[in-house]
Each structure stands twice: as C-alpha cells, then as structure tokens.
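Model the placement of chain B on the given structure of chain A, informed by the hints.
Protein sequence lines, in the order shown, are assigned to chains A and B.
Going by this note's numbering, the residue at position 380 of the first sequence is 380; the numbering climbs one at a time, nothing skipped.
When you read off a place in the second sequence, starting at 1, and then add 421, the result is the number in this note's numbering.
Calculated from the structure, these hints are not laboratory results.
Quick caveat, the model's predicted, so the values are computed rather than measured.
Even glycine gets a Cβ: it sits at the ideal position worked out from N, Cα and C.
Hints may be right or wrong, so weigh each one.
[As the list claims (entries may be wrong)] Facing chain B, from chain A, some residues (calculated, C-beta under 10 angstroms): (1) ARG5; (2) VAL167; (3) LYS248; (4) THR249; (5) ALA255; (6) ILE258; (7) GLY259; (8) LEU421.
[To be verified] Derived pair list, reagent style SDA-like, types lysine to any residue, alpha-carbon separation capped at 20 angstroms: (9) LYS16/A with VAL556/B; (10) LYS418/A with THR480/B; (11) LYS22/A with LYS554/B; (12) LYS16/A with GLU656/B; (13) LYS245/A with VAL556/B; (14) LYS554/B with THR18/A; (15) LYS332/A with GLU513/B; (16) LYS247/A with ASP514/B; (17) LYS418/A with GLU436/B; (18) LYS418/A with THR440/B; (19) LYS557/B with PRO180/A; (20) LYS702/B with LEU633/B; (21) LYS16/A with LYS536/B.
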Amino acid sequence: MMGFRAILAIAGRDMKSTVRDKMALFWLILFPLLMLTFSYFLWANPMPPVTLDVGVVYEDSTADWGNLTFTARNVTEIMAKVVVETEEGKNVTVFCLAEYSSREEALDALKGDKLDAVLVFPEGFSKNISYGLPARVELYIRGGDTYREQVTRAVLTEFFDKLSDEVAKRRIEIIAEHLPPEAPPEVVDFMRGLAWPVNASVSVVTPKALLGKAGLMGWFTIAMIGTEFLIAGMIAGAVMVVEEKDKKTLRRLLAAPIGPWDLLIGKTLSGLASLALSAAACLAFGLALGARINWDPLANPAHALVPVLLLLGALMSLGMGLLISMLAKSTKGAEGLATAVSWPLMFLTGIWYPKWLLPGPLRLLADYFPLTMAIDAVRSAVVFNAGLEVVLPVLPWLVLATVVIYGLGALAYKYVLKRSL
Amino acid sequence: MAREVLVKVHELVKEYNGTPALRGVSFEAYEGEVLGLLGPNGAGKTTLINILAGILLPTNGRAEVLGHDVVAESRAVRALVGFCPQETVAYEDLSALENMLFYAGLYGLPRSEAKRRARELLEFVGLWDVAKKRVKEFSGGMKKRLNLAIALVNDPRVLLLDEPTTGLDPRARKEVWRYIEGLKAEGRTILLATHYMEEADRLSDRVAIMDLGRVVALDTPEALKKSLGELSVVEVKVAEVTEGLKAALMPLSEGGKLITGEDYVRLYTRDPDALLPEAVKAALEAGAKLEAIHITEPTLEDVFLKLTGRRLR
Numbered sequence: 001m002m003g004f005r006a007i008l009a010i011a012g013r014d015m016k017s018t019v020r021d022k023m024a025l026f027w028l029i030l031f032p033l034l035m036l037t038f039s040y041f042l043w044a045n046p047m048p049p050v051t052l053d054v055g056v057v058y059e060d061s062t063a064d065w066g067n068l069t070f071t072a073r074n075v076t077e078i079m080a081k082v083v084v085e086t087e088e089g090k091n092v093t094v095f096c097l098a099e100y101s102s103r104e105e106a107l108d109a110l111k112g113d114k115l116d117a118v119l120v121f122p123e124g125f126s127k128n129i130s131y132g133l134p135a136r137v138e139l140y141i142r143g144g145d146t147y148r149e150q151v152t153r154a155v156l157t158e159f160f161d162k163l164s165d166e167v168a169k170r171r172i173e174i175i176a177e178h179l180p181p182e183a184p185p186e187v188v189d190f191m192r193g194l195a196w197p198v199n200a201s202v203s204v205v206t207p208k209a210l211l212g213k214a215g216l217m218g219w220f221t222i223a224m225i226g227t228e229f230l231i232a233g234m235i236a237g238a239v240m241v242v243e244e245k246d247k248k249t250l251r252r253l254l255a256a257p258i259g260p261w262d263l264l265i266g267k268t269l270s271g272l273a274s275l276a277l278s279a280a281a282c283l284a285f286g287l288a289l290g291a292r293i294n295w296d297p298l299a300n301p302a303h304a305l306v307p308v309l310l311l312l313g314a315l316m317s318l319g320m321g322l323l324i325s326m327l328a329k330s331t332k333g334a335e336g337l338a339t340a341v342s343w344p345l346m347f348l349t350g351i352w353y354p355k356w357l358l359p360g361p362l363r364l365l366a367d368y369f370p371l372t373m374a375i376d377a378v379r380s381a382v383v384f385n386a387g388l389e390v391v392l393p394v395l396p397w398l399v400l401a402t403v404v405i406y407g408l409g410a411l412a413y414k415y416v417l418k419r420s421l
Numbered sequence: 422m423a424r425e426v427l428v429k430v431h432e433l434v435k436e437y438n439g440t441p442a443l444r445g446v447s448f449e450a451y452e453g454e455v456l457g458l459l460g461p462n463g464a465g466k467t468t469l470i471n472i473l474a475g476i477l478l479p480t481n482g483r484a485e486v487l488g489h490d491v492v493a494e495s496r497a498v499r500a501l502v503g504f505c506p507q508e509t510v511a512y513e514d515l516s517a518l519e520n521m522l523f524y525a526g527l528y529g530l531p532r533s534e535a536k537r538r539a540r541e542l543l544e545f546v547g548l549w550d551v552a553k554k555r556v557k558e559f560s561g562g563m564k565k566r567l568n569l570a571i572a573l574v575n576d577p578r579v580l581l582l583d584e585p586t587t588g589l590d591p592r593a594r595k596e597v598w599r600y601i602e603g604l605k606a607e608g609r610t611i612l613l614a615t616h617y618m619e620e621a622d623r624l625s626d627r628v629a630i631m632d633l634g635r636v637v638a639l640d641t642p643e644a645l646k647k648s649l650g651e652l653s654v655v656e657v658k659v660a661e662v663t664e665g666l667k668a669a670l671m672p673l674s675e676g677g678k679l680i681t682g683e684d685y686v687r688l689y690t691r692d693p694d695a696l697l698p699e700a701v702k703a704a705l706e707a708g709a710k711l712e713a714i715h716i717t718e719p720t721l722e723d724v725f726l727k728l729t730g731r732r733l734r
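Chain A extracted, bound-state conformation (with noise of 0.2 angstroms):
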C-alpha cells in the first residue's frame, strides 16, 4: 500500500509539473493539433480533377465542306464538354481548349508554357473520318514534368481512344444496316473483332476508408499520435533520472522509502499519462476536423485491442528513452539526444511520411520498427475498419519488442540511477 500511494504521489507530482510548463504543454498539445491543421489544409485532399489547357489547330480545310457527318470542329464540341464530376458533386471540365491560326503559333505557346498540350488536325480530317477511312490527329505534349507528361498523354489518349471507339461503333452500325438480310450475324462481329482486336475494360476502385477527406485526416490523425509517441516518449524516458539529478530531488527521493522500482514505476505512469493526455488532444481535434476514426469494440472486437497497442507503443518510446539516457548527463543534453534520434525516425519509419513513399531499405525498416508495427495496427483497425485478422498476428510481436525494449530500458535506468548518486 506504502509503494502503490509512493507510486502515485510521484506520477501525480510529474504530472502537475507537466500541466504547469508551458513548453512541455506546447509539445504535447499544441504542437501535435498545429502540424494536424496543417495536414488538414496541405495533404489531406483528394487529388483533384485534371484541367488541361490544350491549343486546336485547325489545319483541315475539309472541315467547312459543309456536307460531311463529323468535323474536326464536332471533335473539339464534345471535347469542350467532357467533365469529371469531383467528391463534392462539382462538375470539372477537363479540356479548356483555345484556337490557334497556326502549327507554329501553338507550338510557341506550348514552348512558352501556356499549354500542356497543342491538338492539331491535319488536312484531310473532316472528311477521312467522315467517309469511314483512318482519320489523324497530331498531339504535341509538354514535356519537363514527367508526372503532368504522363498526366496529359493518358487524359488525351484516352479521350481519342473514346472517341474512336464511337466512331467505330457508328460505322460498324452504319454497314450493318446496309448488309444483305441473309448476310450472318458473324459478319458484323468480324467487324468489331476487327475494330477492337483486343477489349479491356476499366474499373476504378477506391479503397472505401481512404475515399475522401476523412479518411486521409483518420490517417494523419493516428500518425500524429505515433508521432507524439516517438518524440515525447521518448524525451520522457531519457529525463527520468537526469531531470531529478538536476534538480537536485533524486538524493532526497531516494532517502524515502521507496525503491528503484517504484521511482520507475511512478515516472513511467506519468509518462504514459502525458502521452495519453497528448493522444486524447490529438483525437478529439482530428475529429473535429472530420477524420474518420472508427471506434465500436462490439462491432469490430480489433477495436478492444487498440488500448493495448497504444498501451504496448507508449512503453517501447519510453523504453527507447530510457535506453538514450545512458548517453546522456543533463536534461538538457537527454532532450535534446531523444529529439535528435526521435525527429529523423519520424520520418524515416513510417509512422509520419507514408510507407509506401519510402525507398526500399528504409521501408524494409519502417515495416520492422515496432512502434510503426503497432501504428500502422491501430490505423488499420480505426482508419481501414480492419479486424482481427491485421491486429492479433502483430500482437505478439509487439509485447516481445515492448518487454524487450521496456526491459533494456529499466536496466539503462538502473544504471543511470547509480550514476547520478
């Protein structure tokens, strides 16, 4: 009873220190919903519709005949009326076409970086496609930007693989209706065979949790969270002892009747306080903010497990921590190691950047980090509604790497401990 009130008289007493400093406030709270704001406005948005800008030359003069079923000038009126519809309903056109007089006139506008693409219609157009024979267009593309390169080949391509498409499906309907009564149906197929020798069809497909805004801030919200884990955990586990040395209290809380432990104990309590303190903000703003943060342990029992992964993260921070302050003589110097390790891993281990944006090794490493395995657990169970099947064969992993990590870090403590006295 002596240990457990001991245990809690040292927690409550980091904690209030921790509530009464406002730079600890500040990397706790504040610092974690500034960088949430800034997801918010900067990355957590769905890419949006492409608009290209494309420069029509005119150079078919068999376009005005007059008599002729299908123009150059009926390709740029369907094209000037092709939209994408975005996720809040809005209509977006695609092509924003301008005329030019000449080839060269284009071309200098597309040099200039006026246009991301010049569409030329040669001579002759109108009237091949009009009378069924192959009908060439010119496309010039603006190179420099390989993704807007391929952006704007793959937008154009498709729309002339469309129209093409059509167009074959109106002749084949046209020859079709002027065959023999007893010509076989296999003719008209042989048609289409030969109009489309090979059929693809497209389907897009989003996953459902990262459609949208919401999920991309559920996304963000969660890495946060990892991220206060790795930085604030970790400075907190490298000050344990040093921060009471420097304060001059160790000699007089160790003439208490407490042991090592419960001094361990006790800081270690205050630290997962802080840290849940920090998770509860980080939450509460993301969802404020609309991320979508699934949570119903009777409906998806992965759920339950979440606590315990956090719970399991929070101990390996503190642990990794506590393992730094062997290095480390000062509060000042234990803070600024932890921050100097904790920042670049950040980054580098896939809790804050994407996994999926990392090089090769690097990703090897973010996929074994254990603080990424348990984030990326809690992001699949609250973020990507995943069950069971993700969560429970991590778990295991994850209370070894804690109990083994956690464990390094009380012997690091032990040792620090005997060297501050």
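Then chain B, alone, in the frame of chain A:
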C-alpha cells in the same frame, strides 16, 4: 540512567573508485542529542549522512539507525529517519503545500493524515501563510525552512541535517537555528553536518570534528575548547591583514599556527602577557594599522587548527 543509542557507527569506510571518503569512522549518537559533524568540505560529512540516510552503501564497516542496519534494512531506516540535504528539495513549480503532500505520499501517509501533518509542519516553520504559493517565489531562507519541514514529514526520531544553512545570510541562518533548537527541544536526535563553527558550537550537545574522512575528536564543545589546554588565544585586530603581517606574527604563535580573517589574526601562546607587547611591536613594524589587541576565548576553529594543523574553511 543510560541514554538510548539511536545511531551507531562502527569503522565505517567509503571509497569512490578507490579514493577514500571515509576512513573508519566510529561514533554513537544518543536519544535527544544534537551531534554536530564539523569539518571542512571534503571531510566526509555528506558521505556519512548519505550512508546513514540509506542513499549510499558503505564500502566497509557498519552503521545502525534506531536498531536497523543501514545496508540490510535500508528501507526501514529510510522510513524512520528524516533527511534534509543541503540542496533545496522542494519542486519549484509546486506550492509548499503540494510539496509537503508529495513527500508525505512517498512515506505512504494517507491523504487526510498527510494534510494534517503538512499544515502542522508548515505552521512550525512559519510557512503556512504562504502554503499555496509556488516555491519558486520563495526566498532562500524560506526554501531552507521548507526543506526542514519536508525532513519532518514522517515524524522522525532521528534527523539528518546536511549543511542546513549553507548559502543563507546570517539573519536567515539564525532563523533556521531557532527551528533546529525547537526540534532539539522536542527530544529528537539530530545529526548536524556543518562547516560553520558557530553553528556547531551553538546547536550541538557534542561535536565530532571530521577531517579527511576521519573523526579526529568527539566531545562537547566546551570540552573540545578546553582541550587546547594551557594555550591562550590572542587576537590582533588590524585594518587589513597583509602577507607581511602574517609573516611577522607567525614566529610568535605556538607552533607557528595562525588563523587569519580579513581584519584579524589569531595567535596561540602559553604566556599571553609576554606575547601582547611583542605582537604589537611586530604588527607595527610590518606596517599594519593596529586597531585592537586582546586575549579571547578559544573557538572550535582553534581546536580544529590545533588538531589538524589546517583551518576549517
């Protein structure tokens, strides 16, 4: 009736990486007495107090507090003794009351008892009116008084005070002395480590003079002073003590030993009447501006000088 021995130290040795800090210290402290541990920095006082407080392990020897071995029953010892280190142990971002409740928690006191005890002790050290003020707003003297209150939170029979007035101005120091005298009046056994000779003289029933990790003398202040024997102390007051003055007076003092301050030189002699005119003559010849010369009572510092050949500070 024999008094109960509450602290027993026998041949205590402590080494830090082979460097001795205590070299076989032995003494006993009785119930209700103030035992002063007087010595300069590096004498081993703090090491001794830390061992008795259960913070440090001795390299050799044995110590018991209230019948408990400080090594084998360390936790029991720590629960029973009060420990007041020289540093401020109160957390600056907490109030005096919060500090008291925190330390009471470390000793396992239930909340209600902790509150009662905190109030009682803060009243005792005159800090109840500022109990809810954060410690960072306290003066040095107030912090030392709070240190004392914290040391008493477990109502100890044995109190270990390590330099409790270091860094205080004379007025604040005297204020802390009054509280220590109050504790003495309550019958607590106090081990008072200090390098202030006046502090040890005024507060201690007995004084253990320590030097280089050893107790070189242990007795009442009066007995220690009497141990100077036939030696008398002559104090020469001057405007300023110069090296020339010291050189001129040194041959006149017994054994060539002197104690000097900013404006005085203390000499030792078996024949003070003969020394007085010689000292005046030597001082004037050394160019000193003589202000007074008189025969004074010996102090513990004189005793220390006699025993170790060195000054206390």
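Name the hints, by number, that the structure is in violation of.
Numbers 2, 12, 19, 20, in rising order.
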